[in-house]
Amino acid sequence: MATSVGSKFLDLDNGPDSTLLHRELNWLIQDSLGEGEPATLSCAASASSSGSTSSKKVVKLRTCLDDLYRLWKERIEDRRPFQYLVGCEHWRDLVLSVEEGVLIPRPETELIVDFVEDVLAENYGDGLKEGLWADLGTGSGALAIAIGRILGCNGRVIATDLSPVAVAVTEYNVKRYCLQDKVKVKQGSWFEPLEESEVELGGIVSNPPYIPSDNIAGLQAEVSKHEPILALDGGANGMKDLLHLCNGAASMLRPGGFFAFETNGEQQSQFLAGYMESELGGRLVDIKIESDLAGIPRFVKGFKAR
Amino acid sequence: MADRGSLLRRILRSINQQLPRPTVAEFRWRTRPSVIRPRPASCISSLFLHWRQYSTELQHHMSPELMKLMEQRLSAIENRSDHLHQIVNQPEASPEEYSRANKELRKLRDVAELITDLRAKQKEINDLKSVIADCQDDKDMKEMASEELDQAMAEEKRLQYLLLKHLLPKDDADERDCILEVRAGTGGEEASLFAMEIFKMYEKYSQRSGWKFEVIDVAQSDLKGYKEASASISGVGVYGKLKFESGIHRVQRVPVTEKSGRLHTSAVSVAILPQADQVDVQLRNEDLKIDTYRSGGSGGQHANTTDSAVRITHIPTGITVTIQDERSQHKNKSKALKVLCARLYEMERSRLHSIRSQFRSEQIGSGDRSERIRTYNFPQGRVTDHRVGITSHSIDDMLEGESLDTFIDALLLQQEMDAISSFVSSE
Ligand SMILES: C[S@@+](CC[C@H](N)C(=O)[O-])C[C@H]1O[C@@H](n2cnc3c(N)ncnc32)[C@H](O)[C@@H]1O
Chain A
1 MATSVGSKFL DLDNGPDSTL LHRELNWLIQ DSLGEGEPAT LSCAASASSS GSTSSKKVVK
61 LRTCLDDLYR LWKERIEDRR PFQYLVGCEH WRDLVLSVEE GVLIPRPETE LIVDFVEDVL
121 AENYGDGLKE GLWADLGTGS GALAIAIGRI LGCNGRVIAT DLSPVAVAVT EYNVKRYCLQ
181 DKVKVKQGSW FEPLEESEVE LGGIVSNPPY IPSDNIAGLQ AEVSKHEPIL ALDGGANGMK
241 DLLHLCNGAA SMLRPGGFFA FETNGEQQSQ FLAGYMESEL GGRLVDIKIE SDLAGIPRFV
301 KGFKAR
Chain B
1 MADRGSLLRR ILRSINQQLP RPTVAEFRWR TRPSVIRPRP ASCISSLFLH WRQYSTELQH
61 HMSPELMKLM EQRLSAIENR SDHLHQIVNQ PEASPEEYSR ANKELRKLRD VAELITDLRA
121 KQKEINDLKS VIADCQDDKD MKEMASEELD QAMAEEKRLQ YLLLKHLLPK DDADERDCIL
181 EVRAGTGGEE ASLFAMEIFK MYEKYSQRSG WKFEVIDVAQ SDLKGYKEAS ASISGVGVYG
241 KLKFESGIHR VQRVPVTEKS GRLHTSAVSV AILPQADQVD VQLRNEDLKI DTYRSGGSGG
301 QHANTTDSAV RITHIPTGIT VTIQDERSQH KNKSKALKVL CARLYEMERS RLHSIRSQFR
361 SEQIGSGDRS ERIRTYNFPQ GRVTDHRVGI TSHSIDDMLE GESLDTFIDA LLLQQEMDAI
421 SSFVSSE
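First to last, the protein sequences are chains A and B. Everything in the first sequence is counted per UniProt numbering, starting at 1 for the first residue and increasing by one. Everything in the second sequence is counted per UniProt numbering, starting at 1 for the first residue and increasing by one.
This is chain A alone, in the form it adopts within the complex (with noise of 0.2 Å):
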């Protein structure tokens, strides 16, 4: 089933191509496995076996075989996302649970807590290690908690997100990787749940939606058909969110705070850039455009001024 498709959806979308969905019918494999099996099954992916000490051993499946199948078909026929069909998704050290209503972490948005880690190692003196961090639609709590994870023992996290499937599953990340106590979790638009005590933040990151509305249905079918809506759509030139959380760090930053937005590309980092240098009266600065590691200029991260 996974060669048939060949090039096919490479061709037609952007989608995966034989090589990764044989790859994906591997992990699925692998993580339908009871627990204490081998994580590798070397011809799971090929009928074909080397003919040596590999395979024909019993192994426990958590999932009975026609489950498989039936999930493969949804993988295949629906373009059901990989990650949805097995619940989960790998991204930094993290296992995080994801379900259909919450976006997938994308392996770009990883490199926001890089940066977060290089502040930390440097401002290690302005305390933004034992700060409060806001992360502002948090979606399966990625962001919350990978830095929930590098702050020090007094530092704490934010994260918000409007959608309640977004939030519940937030909270149950947050509670497999223990984090109660430092990650809170709110339902709400933005900056609206933070209390007034919670004004003074030592850093935010966010990635907002920031897909313009009129690419929403040519994306590939992953996207477009099963991931939602909300935490895609950016508005007309898909700026509308990142415009009002810049707006909203100029004024909730504490004094040397740190933020870092992840975004469409080039054209909206340069403009967003752009927009903080001249617009917000020099209260945010050293602002730089960071690329991803496929070469697109897609963060824009900086401080408030002192």
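Just so you know, these hints were derived from the structure itself, not from any lab. Accuracy of the hints is not assured; some may be wrong.
Straight-line C-alpha distance at most 27 Å; calculated DSS-like pairs for lysine-lysine [said to hold, decoys possible]:
no. : chain 1 : residue 1 : chain 2 : residue 2
1   : A       : Lys182    : B       : Lys170
2   : B       : Lys227    : B       : Lys200
3   : B       : Lys212    : B       : Lys170
4   : A       : Lys225    : A       : Lys8
5   : B       : Lys331    : A       : Lys175
6   : B       : Lys331    : A       : Lys288
7   : B       : Lys289    : A       : Lys288
The hints should help you fit chain B with the ligand onto chain A, whose structure is shown.
For chain B with the ligand alone, kept in the frame of chain A given last:
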């Protein structure tokens, strides 16, 4: 070389003259050749048998020559450390002098302590000897003193051995973890299948040794062999034990793919790299280009992909490492970095090594990946290590990671022997 050989033989002879009757352990070693048949004509193998005793019998019998040499070194160290102590205790020493002397003292500390212990033991031995001489009439007393003397002498031997170990040149990397890289060479599919077997041999050997074996990346061939595979192995003394595995491993057998039943020879290269971190190799972020070599697309929220492959290019050397086996980009990246550091570290080591070996010829090539080191001959069920000329006749156990120690022990022994001989010849 000839010189060194004869010197070694002389030392060995003097050791042999002092050897007591074989103990059980030695006896077992001597009868082991049912598994290991030393090449009859090889003088190296026959030397081994002696050195094996030498090594396992707690070095009870160092040759007088070796003892003399060691004594010279020890008193040189004692003088040096006295001299340094003087500097440190001199009020008029400049701060630089002081700190330099202090630093050197710290380096000498372990050896100096051992020497102090040894001297105390030797004094005790002398005292006990005179006690024994003085109390010829008091039988009980004499017996007690001789008993103590025996103990003290055993302790003296132990200290001497420890000191010898200290004085021999060592490889600082021995205690490190390592990266294993296996690559199929000439021989197509058959080489890939064998590469997989070799890779698994090290996996099993690591498990037996209580080490952690983590697969880094595997590039499979059409028949599910391994074109290339890498793993990181961590635990106690990993690199020191595995370093001699680097080189070309040759296999001779009738491949499963071969219909006519013809015997093939193919080759697999193995590299064992000591694990290093970014500090060891002074890696600067500016020297790295990290990218996903994925084709096109706008990425970010546009794309849902499980492809998180990462490629790291080290710009100054042009080395690239790509890792795609992990499920997150972050993990692929950190694995790739790990491999890159190990490669850079190894490059630096072999650079230093080649400078050093202009002055001193070294016996076992560790790290030279182009050297043919071992042949696995399936029809005859044997594995031969060409460097020590030892053949094991249990090829299956070998691939199960069971009898690899046969070779590793022999190679370690040869290393020790080389170290002692260069210790002797450097005088
Ligand atoms: C692109 S997703 C990012 C999710 C997560 N931070 C990540 O990087 O994987 C955007 C998130 O913003 C949330 N969101 C959309 N509008 C929002 C609003 N007005 N207030 C708070 N969150 C909102 C969506 O529910 C979604 O979870």
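Hint check results:
For the proposed pair lysine 182 of chain A and lysine 170 of chain B, the alpha carbon gap of about 48 Å is over 27 Å, so the pair is violated. A C-alpha spacing of about 14 Å is found between lysine 227 of chain B and lysine 200 of chain B, which places the hinted pair at or below 27 Å, so the restraint holds. Taking the CA atoms of lysine 212 of chain B and lysine 170 of chain B, the gap is near 24 Å; set against the 27 Å cutoff, the hint holds. Only pairs whose Cα atoms come within 27 Å are accepted, and lysine 225 of chain A paired with lysine 8 of chain A is accepted, the gap being roughly 17 Å.
Only pairs whose Cα atoms come within 27 Å are accepted, and lysine 331 of chain B paired with lysine 175 of chain A is accepted, the gap being roughly 23 Å. Under the criterion of a C-alpha separation no larger than 27 Å, the hint pairing lysine 331 of chain B with lysine 288 of chain A is consistent with the structure, at around 26 Å. The hinted pair formed by lysine 289 of chain B and lysine 288 of chain A meets the criterion: a straight-line CA distance of about 19 Å does not exceed 27 Å.
When held up to the earlier numbered hints, the structure conflicts with hint 1 and nothing else.
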